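Asks: Top to bottom, those sequences are chains U and V. Oh and the first sequence: position 282 is 310 in our numbering, straight run, nothing missing. Oh and the second sequence: position 58 is 86 in our numbering, straight run, nothing missing.
Calculated from the structure, these hints are not laboratory results. A portion of the hints provided could be inaccurate.
Which copy? The list can't say, so a pair holds if one copy fits it or any two copies do.
[Stated by the list, open to error] No farther apart than 25 angstroms at their CA atoms in a straight line, the calculated lysine-lysine pairs in the DSS-like style are these: (1) Lys169 / Lys213; (2) Lys128 / Lys144; (3) Lys30 / Lys169; (4) Lys420 / Lys282; (5) Lys242 / Lys128; (6) Lys111 / Lys150; (7) Lys420 / Lys213; (8) Lys242 / Lys56; (9) Lys440 / Lys262; (10) Lys242 / Lys420; (11) Lys262 / Lys278; (12) Lys30 / Lys144; (13) Lys213 / Lys199.
Predicted model only: the values in this text are computed from it and were never measured.
Protein chains: 2
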Amino acid sequence: MKAEIVATGTELLLGQTLNTSAHYITGKLSSLGIEVDYHVTVGDNPERIEDALRTALQRSDLLVTTGGLGPTVDDLTKALVAKVFGLEMVLDQTSLEHIKAFFAKRRGPMPAGNEKQAYVPKRAAILPNPIGTAPGAIIEKDGKMAIILPGPPFEMQPMFENYVWPVLQEKVGSDAERMNVRVLKIFGMGESAIEEVLGDLMQKPNPSMALLAKRSEMHIRLVARSSAETQALKLLDKAEEDIRARLGHKVFGKDRETMVGIVGDALRQRDLTIATAESCTGGLLGGMLTQEPGSSAFYLGGVISYANSVKENLLGVEAKTLASLGAVSAEVAQAMAQGVQTRTGAKLALATTGIAGPDGGTQEKPVGLVYIGLATPEGVQTQKFQFYGERKSVRQLTVKAALDWVRRYLLKV
Amino acid sequence: MKAEIVATGTELLLGQTLNTSAHYITGKLSSLGIEVDYHVTVGDNPERIEDALRTALQRSDLLVTTGGLGPTVDDLTKALVAKVFGLEMVLDQTSLEHIKAFFAKRRGPMPAGNEKQAYVPKRAAILPNPIGTAPGAIIEKDGKMAIILPGPPFEMQPMFENYVWPVLQEKVGSDAERMNVRVLKIFGMGESAIEEVLGDLMQKPNPSMALLAKRSEMHIRLVARSSAETQALKLLDKAEEDIRARLGHKVFGKDRETMVGIVGDALRQRDLTIATAESCTGGLLGGMLTQEPGSSAFYLGGVISYANSVKENLLGVEAKTLASLGAVSAEVAQAMAQGVQTRTGAKLALATTGIAGPDGGTQEKPVGLVYIGLATPEGVQTQKFQFYGERKSVRQLTVKAALDWVRRYLLKV
Numbered sequence: 029m030k031a032e033i034v035a036t037g038t039e040l041l042l043g044q045t046l047n048t049s050a051h052y053i054t055g056k057l058s059s060l061g062i063e064v065d066y067h068v069t070v071g072d073n074p075e076r077i078e079d080a081l082r083t084a085l086q087r088s089d090l091l092v093t094t095g096g097l098g099p100t101v102d103d104l105t106k107a108l109v110a111k112v113f114g115l116e117m118v119l120d121q122t123s124l125e126h127i128k129a130f131f132a133k134r135r136g137p138m139p140a141g142n143e144k145q146a147y148v149p150k151r152a153a154i155l156p157n158p159i160g161t162a163p164g165a166i167i168e169k170d171g172k173m174a175i176i177l178p179g180p181p182f183e184m185q186p187m188f189e190n191y192v193w194p195v196l197q198e199k200v201g202s203d204a205e206r207m208n209v210r211v212l213k214i215f216g217m218g219e220s221a222i223e224e225v226l227g228d229l230m231q232k233p234n235p236s237m238a239l240l241a242k243r244s245e246m247h248i249r250l251v252a253r254s255s256a257e258t259q260a261l262k263l264l265d266k267a268e269e270d271i272r273a274r275l276g277h278k279v280f281g282k283d284r285e286t287m288v289g290i291v292g293d294a295l296r297q298r299d300l301t302i303a304t305a306e307s308c309t310g311g312l313l314g315g316m317l318t319q320e321p322g323s324s325a326f327y328l329g330g331v332i333s334y335a336n337s338v339k340e341n342l343l344g345v346e347a348k349t350l351a352s353l354g355a356v357s358a359e360v361a362q363a364m365a366q367g368v369q370t371r372t373g374a375k376l377a378l379a380t381t382g383i384a385g386p387d388g389g390t391q392e393k394p395v396g397l398v399y400i401g402l403a404t405p406e407g408v409q410t411q412k413f414q415f416y417g418e419r420k421s422v423r424q425l426t427v428k429a430a431l432d433w434v435r436r437y438l439l440k441v
Numbered sequence: 029m030k031a032e033i034v035a036t037g038t039e040l041l042l043g044q045t046l047n048t049s050a051h052y053i054t055g056k057l058s059s060l061g062i063e064v065d066y067h068v069t070v071g072d073n074p075e076r077i078e079d080a081l082r083t084a085l086q087r088s089d090l091l092v093t094t095g096g097l098g099p100t101v102d103d104l105t106k107a108l109v110a111k112v113f114g115l116e117m118v119l120d121q122t123s124l125e126h127i128k129a130f131f132a133k134r135r136g137p138m139p140a141g142n143e144k145q146a147y148v149p150k151r152a153a154i155l156p157n158p159i160g161t162a163p164g165a166i167i168e169k170d171g172k173m174a175i176i177l178p179g180p181p182f183e184m185q186p187m188f189e190n191y192v193w194p195v196l197q198e199k200v201g202s203d204a205e206r207m208n209v210r211v212l213k214i215f216g217m218g219e220s221a222i223e224e225v226l227g228d229l230m231q232k233p234n235p236s237m238a239l240l241a242k243r244s245e246m247h248i249r250l251v252a253r254s255s256a257e258t259q260a261l262k263l264l265d266k267a268e269e270d271i272r273a274r275l276g277h278k279v280f281g282k283d284r285e286t287m288v289g290i291v292g293d294a295l296r297q298r299d300l301t302i303a304t305a306e307s308c309t310g311g312l313l314g315g316m317l318t319q320e321p322g323s324s325a326f327y328l329g330g331v332i333s334y335a336n337s338v339k340e341n342l343l344g345v346e347a348k349t350l351a352s353l354g355a356v357s358a359e360v361a362q363a364m365a366q367g368v369q370t371r372t373g374a375k376l377a378l379a380t381t382g383i384a385g386p387d388g389g390t391q392e393k394p395v396g397l398v399y400i401g402l403a404t405p406e407g408v409q410t411q412k413f414q415f416y417g418e419r420k421s422v423r424q425l426t427v428k429a430a431l432d433w434v435r436r437y438l439l440k441v
């Protein structure tokens, strides 16, 4: 099956909005073995959109559109897809109720423009939008399929996951050649270091192996092609085993696993609690620990001790330690971790103090220098890190290094 | 002048690489008043690339390609552009010397594949590549122009800045019609509500007006077209004035301004300090306040009181208040704000407590219910909010609502 993605929206052609939706969809389709031959982006112009839709339906079996489902007059996509399929637009009562309920919940009347969003091509399957008011739709006619999705990624992605993915999976069938993808996630090693260790493995064709640099992690993407899924999975298992044998505990997870998810699960399973004392990360570590629902089972809270006065008054760090060694020191990281452990009664406590930059670095304490403290029932330890990159990267690397330390402590690696 | 960007590279169609180059180029062309009508992405397939190039040259005056200039067999772009223009490929001696020098510097011989990179369409102007081995090229023939650029953004961008920008500026001329763009940023109003208030203004052609929904903000994009920049700016100023007259303090900033940047500047100018006490946001408010360098001038820190025990022990919230009214209540928000204000000595203090979801909601306290407390030298106030959306949205909306309250307090709106 050959697919084409048509994104509409003038904002995409003014250099303001990056087309992440096409990127997301293309990744999903690829993993199902659906070949994406074209991405086309057009502005909110009816002639050009119609032309792009017609061309796509001529050369591709599957057309996926994003954007142009809003309530305003320049939101045209749904009606134009209906037009090129020769379908009339009809009011979908369920969608209208959903849109009305959306506004009722917000205690406001439905603006007139939003009624338009409940119109869909006749005989289309409706894709509910759990987050916004714009429903999507799937049309199948004359051997062609069109999937109509909203533009904003936070609306489009849940719709794709919940409703489009199962339809496509069914459509692709069980015996087509699939691409089975596995992503191994690595913390604490750079691209060239990984390439040096894995060099020969990376030359093998099936599964193919590619390195993707993320801001604070490296991902290894393995793609196995096979018509039999069991065979593909066997290839992936073998490759994963080979990689883990060489990289050891640097591999912290795979696929949808996240560092904070793994740490949270490990804490929950052991019935342990954790608290945080943050300086350079300014709350990001707590924000990360509370990202997933249910985090109150293990995370108690903590102190953001950005100013030295807060380190003293709320964590009991001694003024003379701050004065003699500076806030960015192993001793202060240790005192912060102990201070928050004692004051919250948590079993474990993490502390971060460092120079996030871009200013504030010196010869002895350059930008990117970070101390992390980990207090456990057995005592408190500190580690020194030297990170590189801009402020955002240093802060995110600090958060991830702190979590990785807890992961290794709990899994005893 | 109408332009089209054709990006080539299979990696763009596997969901591995995000097409940031098209985004960058389109922004640059727009600011010169060159209308970009299409982005097209195709894989490394000669027939499809040739087809995309021919279509682009038919419907556009300016074709910009990115990608496919490398040394490998699937790097085809330059030869195919030459083909559609009916030009032969010739060896450019200067480029060959540059490529040889590149490898000599790295103390290695030039691989055979790289010689290919020195071939360019006959009579093309060469665009040197200061970072890599692939030169770009500009072709002008029969009233059409093609600009051939490499794919990797770190190679493409310096070439664009140094060599392409002056050529286009010259071509566009000083009296051509330019597009001037302004973005107004709104918090606390949805897409349809804004449209209802601005309805008639949105119909005007110059500047054109479009709404863009972000996760926790709405943006209004104004595009003014005029041959004289002063005239365009006047149009934008007038439209901004009209919008502000109707939306008032809901407009919190414009263009590159951010909510936290505006709040930070306002605090700094007034020599005020702020502290935070966070429950449902778990540290994200502190993380946001410390996002920009120099935030230690106004942010002291605070307490992440995720567990009730931390609300009691570190902030002095009374156990009986928590027991009788629950952690998500105006009284607790008030006590948290006062508690952190007293304990840190900050002039201002913000507190957040709410139900981020997806679980934990009840009839009386549904998911999305949030109380924010603001302690100032004049006293402490609380506000109740009902947000909608997934956990991530509720948390981000809470952070932004808290900052927006401080903004309005400081600017006395």
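Asks: Okay, which hints does this one fail, numbers in order?
Replies: Checked against the structure, the hints that fail are numbers 1, 9, 12 and 13, while the rest are satisfied.
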